[in-house]
Amino acid sequence: MSLVSRRALAALLTVAGLVLLALGTWFTINLGSSGSATFTTTPARGGLVVLEPSVLNRVDGAVTVTAHARGGSEVWIGRAAPSDVKAVLDATQRTMVTGAHMRDWTLTTTRSGSEAVESLSGSDIWRSSTQGRGTVRLVLDQAHAPESLVITGADGKAADLSSVVVTAQNRTWFFQSLLAALVGLLATAAGVATLVNLGRAKSSRPTPAEPVKEVAS
Amino acid sequence: MRSTTPLVVAALVLTVGGCADAGALVGVHEAPGQVTTAAPIAAANATEIATRVLTMADKAKAAKPEEAKAMRAEALTGAALAVATAADRLDADVRTSTVAPVTRTSPPKVLAVSRGSDWPRIILAQTTGEEGSAVLNLLSSPDARTPFRLEASVRMHPGATVAALDPLPDGSPLTDGFTLPIKPVDLMKQYAASLAYPKPVTAKDVDATDPFATAVRANAVAQAKAFGKLATLTQTHVVDPDRTVTIGLRGGGALVFALMERTDTITLSAGGKSLTPSADFQRLVRKKVLTKNAELKSYETVVLTLPAEGRAKVVGVDEVLFSAKGA
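Respectively, the protein sequence lines represent chains A and B. The first sequence begins at 1 in this note's numbering and counts up by one. The second sequence begins at 1 in this note's numbering and counts up by one.
Among these hints, one or two may not hold up.
Here are the simulated distance ranges between beta carbons [unchecked claim]: (1) A44(A) <-> T175(B): 55 to 65 Å; (2) A24(B) <-> W105(A): 37 to 47 Å; (3) D118(B) <-> G72(A): 36 to 46 Å; (4) P169(B) <-> V139(A): 20 to 30 Å; (5) K157(A) <-> A215(B): 50 to 60 Å; (6) T40(A) <-> S133(B): 52 to 62 Å; (7) G72(A) <-> E66(B): 32 to 42 Å; (8) T172(A) <-> G310(B): 51 to 61 Å; (9) K64(B) <-> R70(A): 16 to 26 Å; (10) K64(B) <-> G122(A): 18 to 28 Å; (11) T234(B) <-> A143(A): 50 to 60 Å.
For the record, the hints were derived by calculation from the structure and aren't laboratory data. It should be emphasised that the depicted structure is a prediction, and the values quoted were computed from it without experimental measurement. The beta-carbon is built from N, C-alpha and C at its ideal position, and this holds for glycine as well.
With the rest of the complex left out, here is chain B (with noise of 0.2 Å):
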């Protein structure tokens, strides 16, 4: 009788032990819960969303004016849909842009997806641009329900680079996320006075040598000294607060996507009865002679790195025409 007693004993044991914790004996468990500290979606994902927007937005761009609108809407918003809309106000044969933004010739690259589950979020995605250059597209998506649409396409200045980005799984902080030294918009007023005729500020925090600010600076001396007394020119940058996008860097610092408005303004001096300008300016403002004044406006869309410590440098900017008014 002795001998039954562990026999029963261990059985017991067993059958209750096991029923005390059956879910996990057999691999049932509580749903973990949502990491909201990583990319809120996959890389796979986010290269599917940037290759189907890059390619709506190249449609757009070769789309017939009448079907543009309707395509422009689906494809871009934010700045790049303030660039296109207002670009394509100006006559076909007068509308001009420095690069071709979204021309690509291979797949995009995602380089950063925002982090969180938060709204808004963005996808940085590089392409190729015809002739080989790098070219950054910022697509951004207000909330759950928007689709990701283009929100700017910036060609890199020739030999600029961007600081590591964080790993696409764990998506990168935007500016609520993380704190800089200075605030991008303060940054970007300072580029912005930098380039500003005839009184240029030196911007402090800004490394403003890039190939851009050099070239606008150069052609502002030499427009104004084509006009010598028979016209002066003013040139402003404006920034636009609102359509500032920060993506924070791994190692600290901050890649800036901003908008700026430039206005160029001719104006007749008191002395001079008319002013013949060059062939191409009289195709913009379509007018042979000037007897008062003139003003060309543009969206100049910039891309700057923010280092955690030192100045910022511009990456690259685009610039496109979008009003050309002449008296």
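So that you can see chain A by itself, here it is in the shape it has in the complex (with noise of 0.2 Å):
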């Protein structure tokens, strides 16, 4: 391998290792030692909200949804099979949460429907369903995903939500974010490392010996 090729897998490899050091120590600050990814958006107000599999299904492990409704306000929240749910909220005002960003923790959403909300609570497609005041969780298990999920005020009254929260907790992402940390100091310290070997190399490279002439005598 050439003296150049090295140097640029040396200096790719500094880069590398520097991004992925700089990815794991920002993954382990924001998942902490428990390995929490959360996500959360503020719904507007009026209609309800759905979170589709594509935010809950995402992960083998639990998910949790914590819902914060303003003013203690009441809150039920129900989960049922995706088709169901679209079936009962075909034209229904309500913010859908599609995704997540992982730059910020937030949940991407968009609204659609334009009818008033009606009561859910008396339909049989819920799995489950809980309600209360102020902060009311339902946790997801993925036994029967896909999933989704929908959170409404009681009575069929929109609900007033100051925000939602989806947590998904797996502690081996603590442990992954810390290795690849590790593995990006390495390779950056390897990397560097390599860079400096090849420089003193350089540097200390004897001048090419003149040709020896023969004299005659």
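Each of the two chains sits in its own frame; use the hints to bring them together as a complex.
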């Protein structure tokens, strides 16, 4: 391998190591020692909130959804098959939570439907539901994935939510983040060391000797 | 210097490879697709629904007339609602029912849940009557917004059996999901014709020797004999094709719920001036003497099993009188 190629590889290793170190450190700090990825959104007022499988069923472990209501008002959360939720809410005014951004740990939302919210608790599509005042939490264990989750107020009233929080927890993520940071650190160190060594080798290399001329006597 | 090269290459491979499939590495994947060939609700949910609906049906049955109508509308649908509403038209002292279909002494046992994510959906639940007989309860929901309600409730004949249904998580197919050697409505028409009086037609594909059919035929003969030359008796049984529900069995064949309307017509013959019917009959038509005719109408909820091969068998029948007129 030529010297130039070695230098390029070492530089690449250094950059990759730095990226890995930065990402690993960032994830370690954000996930914490419990390995909890927490995404938040503040839904628009009026209507209800629907969390799609693209948010809830992307991991194998349990996902916790927490709804915080303004003024301690009543909140109802129900989970059901996605097609059933679609059948019930097809035209209802709602905020759809369809994805998550890791950059700022937020949930991506879209608005859909125009009809007023009706009471949903009378339908038999719900696999489980819970309700309460202020903060209400529902845990999905992925056993029946895919599922959609609906958050609304009591008695068919629109939910007045200050935030909806989705938390996926996996302790392995913490160790993976830590490992990535460590690998990044080692790669950075190896890359820098290689670059330094290559630099030293170049500076200490002897000048090629002059050809010896034969002198005839 | 040569010793650093493998380290550089290995680290690069690890780094690039790890980044390329980071999602899989940390256990993040696409959401799975929805399975549409299984039961849409879990057995526990089905049991919860069946318990709620049957409790409501019990309460509606026991409620005061002014409250019963709204409660029936909330708990019943289809044949069960038609039967209960029609029976309610009779005065309380006249109303009769051969059985108390939804009375139960133990929690319902869910036998089947319809397969797939489409609508309508059904739940088949078994309960035990006060005297220990098994009762088959059919619950249905027409769409996502409408909760399950009791569509039919039939006490099984003593010794009657239903072949195995599909496991609850798999769900059971409804009519559209499988083919049968004969249409359930045609089976029911054969059974109905075999009950007619005075000219019953032998059912080819249904074993019409069940206790209900035997009793209906025997009663008709006895009644006609009692009238002698004073009056004639005709009895018809008409199948309502829109009230037939067919559930597929595990080994082929089906379990069929159907509704028939029975009409008993007593017409005084030209030579007969009047007829004094039995005390029970007098109570029903609210006349002590008949001079022209009498008509009794009943709903008959029938459950039969159609095996993959062989004749269908009647599992149980419930009969409720809903109209009695005499002149």
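Results for each hint:
The hinted range of 55 to 65 Å is not satisfied by A44(A) and T175(B), whose Cβ atoms lie roughly 44 Å apart. Taking 37 to 47 Å as the suggested C-beta distance range, the pair A24(B) and W105(A) does not conform, at roughly 22 Å. Hint check: D118(B) to G72(A), Cβ distance near 40 Å, so the stated range 36 to 46 Å holds. Taking the beta carbon of each, P169(B) and V139(A) are about 22 Å apart, inside 20 to 30 Å as hinted.
For K157(A) and A215(B), the hinted distance range of 50 to 60 Å is satisfied, since their beta carbons lie about 55 Å from each other. The beta-carbon spacing between T40(A) and S133(B), approximately 57 Å, falls within the hinted interval of 52 to 62 Å. About 39 Å separates the C-beta atoms of G72(A) and E66(B), a value consistent with the hinted range of 32 to 42 Å. A hinted range of 51 to 61 Å holds for the C-beta pair T172(A) and G310(B), which are about 58 Å apart.
For the pair K64(B) and R70(A), the supplied restraint of 16 to 26 Å is violated, since their beta-carbon distance comes to about 43 Å. Separated by about 24 Å at the C-beta atoms, K64(B) and G122(A) satisfy the suggested range of 18 to 28 Å. For T234(B) and A143(A), the hinted distance range of 50 to 60 Å is satisfied, since their beta carbons lie about 59 Å from each other.
Comparing the model with each earlier hint shows violations of hints 1, 2, 9; every other hint is respected.
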